[in-house]
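Peer 1: Line by line, the protein sequences are chains A and B. Under my numbering, the residue at position 81 of the first sequence is numbered 81, and the numbers go up by one with no gaps. Under my numbering, the residue at position 150 of the second sequence is numbered 150, and the numbers go up by one with no gaps.
There may be inaccurate statements among the hints.
[Unchecked claim] Coverage of chain B stretches by chain A, computed from C-beta distances (three or more under 8 Å per stretch; other residues unrestricted): (1) 17-31; (2) 51-62; (3) 274-287; (4) 391-402.
[Unchecked claim] No more than 27 Å apart at the CA atoms, straight line, and that leaves these computed lysine-lysine pairs for DSSO-like: (5) A:Lys23 with A:Lys11; (6) A:Lys66 with B:Lys66; (7) B:Lys11 with B:Lys23; (8) A:Lys152 with B:Lys152.
These aren't lab readings, by the way, just hints derived from the structure by calculation. Each residue gets a CB set at the ideal place from its N, CA and C atoms; glycine is no exception.
One letter stands for each residue in the lines below.
Number of protein chains: 2
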Amino acid sequence: MRDNLLERRQKVLGRHTPLFYDKPLHLVRGEGVWLWDADGRRYLDAYNNVPHVGHCHPRVVQALCKQASILNTHTRYLDEHVVAYAERLLATFDPSLSNVLFCCTGTEANELALRIARETTGGQGIISTAFAYHGNSAAVSAISSVFTPPEKRGPFVRNIPVPDPYRDRAGRPDGELAQAYAAQVGDAIADFRREGVRFAGILLCTAFSSEGLPSLPVGYLPEVAAVVRAAGGVLIADEVQAGFGRFGSHMWGHQLHGVIPDLVTLGKPMGNGHPLAGVVARPDLVERFTRESMYFNTFAGNPVSCAVGMAVLDVLRDEQLLENARRVGDYVLNGLNRLKARHQLIGDVRGRGLFFAVEMVRNRASQEPAGEETGRIVNAMRDRGVLLSRIGIHNNILKIRPPMSFGIEHADLLLETLDQVLTAS
Amino acid sequence: MRDNLLERRQKVLGRHTPLFYDKPLHLVRGEGVWLWDADGRRYLDAYNNVPHVGHCHPRVVQALCKQASILNTHTRYLDEHVVAYAERLLATFDPSLSNVLFCCTGTEANELALRIARETTGGQGIISTAFAYHGNSAAVSAISSVFTPPEKRGPFVRNIPVPDPYRDRAGRPDGELAQAYAAQVGDAIADFRREGVRFAGILLCTAFSSEGLPSLPVGYLPEVAAVVRAAGGVLIADEVQAGFGRFGSHMWGHQLHGVIPDLVTLGKPMGNGHPLAGVVARPDLVERFTRESMYFNTFAGNPVSCAVGMAVLDVLRDEQLLENARRVGDYVLNGLNRLKARHQLIGDVRGRGLFFAVEMVRNRASQEPAGEETGRIVNAMRDRGVLLSRIGIHNNILKIRPPMSFGIEHADLLLETLDQVLTAS
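Looking at chain A on its own, in the form it has when it is part of the complex (with noise of 0.2 Å):
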């Protein structure tokens, strides 16, 4: 049955359309932090932050069947809802964004925050990472290193080295590793002088997440962003890995970096499965912005998916979801650190709230990166009922990012489960 389902979604969906794991998963049941598969097994997520606040959330589940059968239309027509959660929203952010535009997906989100950027600044430069994942459009792949060769990214694009404390540090102080890696925006900016192209601005996961989490240098965005700033361009912050409170200490990611950034992208956690985006702006952004060019986006700020972002708010709010993410990821944290004193494959553990990465080395004074084991370790994971994943420009760091609600239960299934998997490997 199951080699039945894989075999018919090829043959509809194509070949190439990624799956996860050797053995692809079929899941047919969410709630909480579990899921559950076409055999009746339970799998603990380890992984998926887009039921942020735990799969079929009933109190987001209520207010999506409760909207939809009342009222669901376009914002072409005046509506309670896009204008409540619009204000609840913005009320999370510093006071000079306080303008938003809702999308349905991050790269609708970036593709209009790429679009505000340009349009604003009359530039066309863009610079991301090297090892960047922003969503899939045309405009948005090209600056999504991950997946796209430097062949395909254009003239207007430029990537700065993935910042990597854990090998550059070298005993270098924050300050001077903070403002070596901002002298390397300052080069790109440099770079498009030289070819002509103006520049418009820099956009980050404030999470590094595809980049692999790195323990960043105090001051390194505010670096960037004077960087930025003093070259005429704007700081674009993605926040769909880090929003919503996934670190615990902060709301948004570029808060705990210590940065105001003029344009914040969100997605995934937002409605915890609904197809709910946005950008929060500068409202002289977004005024010159729609002055010129109309931005209209159908489903988008409906009362539906406004109704699916209150209750999310609501819940992490009323669960302390924040205060659980600090708690548990602390807990998580330690025990990670343990493992690694017991393991010699992990190299380094990073992690913030409730994400964390866990860097596999084949040898800890080389730090040759072990892509291969960490492929491994997901896989035998997965055999062992809890999924995750890895990511890294070596994929050799494991990734993971429960949903909100793990509890200290979970983080030991999670940890014992991933010392079974080491001491087996």
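Following the hints, put chain B in place on chain A, whose structure we already have.
Peer 2: Same frame as chain A, but now just chain B:
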């Protein structure tokens, strides 16, 4: 309260986020073809095609709620819903169009189709009409001539004149007119060649909706397809407006026009308001594109979206809504033609199934467009409780495109109200 809501809205969404009507409508409830405002007043919806099978259709809402409470995750796991829905959807297309890639919005679908066209042909040049709207991303805005001035369309776009048989026919038979229009496509391709731009394809709305729903000469699209393919390009049919049986006689607009496209984009009506869209394509194009370029869309094709999409197809079939579109559509068309006989302002009445265009002119001989008058009629209809809009390069064409459950009694109300408004104007 309403003024206050407008003010609050502008504060958070900006001043230029579009709203319908001189007096914006504050809606709070929808059911079938009816909408209610905050004062409890009921409006007949003769405009919206997103609630394709009717606002808040109980079967669609039920499918949404049921699946949202069971499992909502992305397509990197195996799932029965996405496969079953893809199979059911593809069965409505020519067998040569046997692959589908899911998206969340029509913009994303057109983005993806453009990427596939460009990457598989190796060309960049895309043709659209001189008054087209296909979406809001950078690449799709460039071909959306309604809102993007020529200087912003870039070097890779050419626009053909809007086919306007009402003015262009001048006694010519269909074959001659079709060839004349197709020759304009050949001219655009030749212009690309002169400028050294390799041709990728043409993207056309099969209803030519923004363009004013022209009564295209028989043989037009097959002629265009021949010209495009002879030059190595692909034909992309945008079915966001015409699709899912809107024309009553066929499930897809291109089927009405007797042509098989290479790529078909789907959007608005697909999920009855739930963000669901897709690209249906020749499998060799999907194979070549996805072999080279990773395409993944987090929210697209998730179990909830696919359950909703399936419910829409079920309702279309079980409530015989294509047949309804034919029957009620003929009734409305006859009624509009009767109004034309009594009101000099109506220059032309066009329509198929439940999609109608009523073109207003100041003088039937000169065919001078009556843009301002049409604007007043749209607002007067709203004041009398019937919602419609206007389209066309001169903004002088009433756009009437109700939910597919529009019945004879609703048609009578629409026609009577339009008669009153035209009499009073």
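Peer 1: Report the numbers of all earlier hints that the structure fails to satisfy, in ascending order.
Peer 2: 4
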